[in-house]
Structure formats: structure tokens, C-alpha cells
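Residues per chain are reported as follows:
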Amino acid sequence: MGMSSIYLSVDRLERAMTFHRERHGVLAGNVANVDTPGYKPMDLAPVDEADAPGHLATTDPRHLPGPGETEAGHLSFSDPSGSQSADGNAVNIERELAKVDANRVRYSASGELVTRRLALLRYAAGDGTH
Amino acid sequence: MDFFTAMEVSASGLATQRTRINVASSNLANASTTRTPEGGPYKRKDVVVQSATLGANLAGQQAGGFSDAVRGVQVASIVEDTTAPRLEHDPGHPDADARGYVAYPNVNVVEEMVDMITASRAYEAGISALGTAVSMAERALGIGR
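Residue numbers (my numbering), protein chains in the order written: chain R, 1 to 130; chain A, 131 to 275.
Because the hints were derived from the structure by calculation, they are not lab data. Idealized CB from N, CA, C, for every residue including glycine. Some hints here could point you the wrong way.
[What the hints assert, rightly or not] Pair by pair, the computed Cβ-Cβ distance ranges are:
| no. | chain 1 | residue 1 | chain 2 | residue 2 | range |
| --- | --- | --- | --- | --- | --- |
| 1 | A | E254 | R | A45 | 44 to 52 Å |
| 2 | R | G38 | A | T166 | 28 to 36 Å |
| 3 | A | P224 | R | G38 | 40 to 48 Å |
| 4 | A | I247 | R | E112 | 35 to 43 Å |
| 5 | R | Y123 | A | R251 | 21 to 29 Å |
| 6 | A | E254 | R | Y123 | 38 to 46 Å |
| 7 | A | A206 | R | S9 | 20 to 28 Å |
| 8 | A | N152 | R | Y123 | 25 to 33 Å |
| 9 | R | L118 | A | S155 | 50 to 58 Å |
| 10 | A | I247 | R | Y123 | 49 to 57 Å |
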């Protein structure tokens, strides 16, 4: 415990940030293709490794992969039954922008936690005066 | 896929929407043009948009697997609307035909305005996504401070 747990949580948070970074790229692609005929929006879901022994189960699409799991998620075409315009485009711009914002908040939250873990480490490594 | 790829994707969307706004402006400006270098009235232009894979230099950087699945967007071509020109009876007009009809461009001003507003909204959405990528990258730079 002790030091190793700080490194462990930083490592886990780093993977979370990687996932949200990749997801932002996917969502930005949806926003860019808001009026491309026939375009279907995509989304990135964390990899579900619930079957593998010793791995944390992801029972919710927003759960993040535990240590040792692949950092990138898998692509999915979100909501194929969703509304479509006459040209076959299924991008809902409001929903995509909401996802982009929510994704950014999650990324920032992980970033904030990493900052605090590292500050803790700096405090412990220094003379205690911060 | 790093933040610069996401920014590249957003930029491709912005460029496409800007082209749509330019074309709509051109159609509006020429809504009553009866003479063109090709002869005849101005013909309405339309933008054909298609999704595009990212440049090899960007997509090849990361073996993420889905970098090639994430699509930017590009203007495939700008085509002429082939619907018939709008005929108006105006015998005094210098471009009137033998029966006194003047062929005006097949431009519907209301349609062009709607196109322009749609493109403008899509442009704003792209700016927002681009701004988010920038703020996320800046947040990452703030770690350890």
C-alpha cells in the first residue's frame, strides 16, 4: 500500500483520461458529419472484460476499465433506431454536443484527481511544508 | 488518436460548413443574374458533402484500431442544380426571349437562407467541439502544477 496505491490510482486515472480523449475524437467526427448524407453517428464504449478472471466488471456503459485492461474502448454505432433525416443522416447535434460536454467534464474530473494524487506524493516526498 | 486528430476532424467540419455558406451566398447574390459567361441565367450551385478518412500522417500515428473508423468530412464536389430556370413575363427586359419571357436563375431565396442558417449552426457546433478539445488538452497540461 502507501506509495504503490498512489501510483496505482494515477495509472488508472490515466487510462480513464485516455479513454475520454479517444471518445472526444469519435464524437468530434459525429459533429463534423452533422449533414453528411447517410452518416450514422458512432460512440466509444469501454471494453467489457467482465469474463476475464481478476478484472473489474463493467456493469454500466460509463464504467472505466480496471488496471491491465485495454485502454481503448470499442466503437459502436449508437442508437440505430434513432430519428433519421431524409438523406439518411442520423446525427442528433444536440445529443452529440451534450455528449462532448459530459465527456469533457469526466476528463477534467480525472485530471483533477491526478493533480491531487501527485500533490499528495509531492507533499510526502518533500519536507511536509508543501 | 490524440487531441490534434480531434481538432483536425473538427476543422474539416468547419471548412465544409464554410464552403456551404460561401455557395449559399453566391446563390443569393446571383438570385436575379440573367447573364453568365457560359450563357443563359445563373444556375444554382449545390455542395455535395461526404465523410472522409483522416490524412495518413494523422491516422497512422496511433495503432488504436479505430482511428481509421473515425471520419472527418469534406466537400466532394460543387454541382449545378439542373432544374429549369424561373420564367417571368417581362417583354421590356433586354434578355427577354421572342415571347417576352425572361429566364431567371432557379434560385429560391428562402431555401438559400435556410441552408445558410443550417450551415451556420453546424459551424457553431464545430467551434464548440474544437473548443472542448482545446480545453481538454489544456487541462492535461495543468497536471502536476
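Verification of the supplied hints:
no., hint, verdict
1, A:E254 to R:A45: 44 to 52 Å, "28 Å, violated"
2, R:G38 to A:T166: 28 to 36 Å, "32 Å, holds"
3, A:P224 to R:G38: 40 to 48 Å, "45 Å, holds"
4, A:I247 to R:E112: 35 to 43 Å, "38 Å, holds"
5, R:Y123 to A:R251: 21 to 29 Å, "48 Å, violated"
6, A:E254 to R:Y123: 38 to 46 Å, "44 Å, holds"
7, A:A206 to R:S9: 20 to 28 Å, "48 Å, violated"
8, A:N152 to R:Y123: 25 to 33 Å, "56 Å, violated"
9, R:L118 to A:S155: 50 to 58 Å, "51 Å, holds"
10, A:I247 to R:Y123: 49 to 57 Å, "54 Å, holds"
In this structure, the earlier hints numbered 1, 5, 7, 8 are contradicted, and the remaining ones agree with it.
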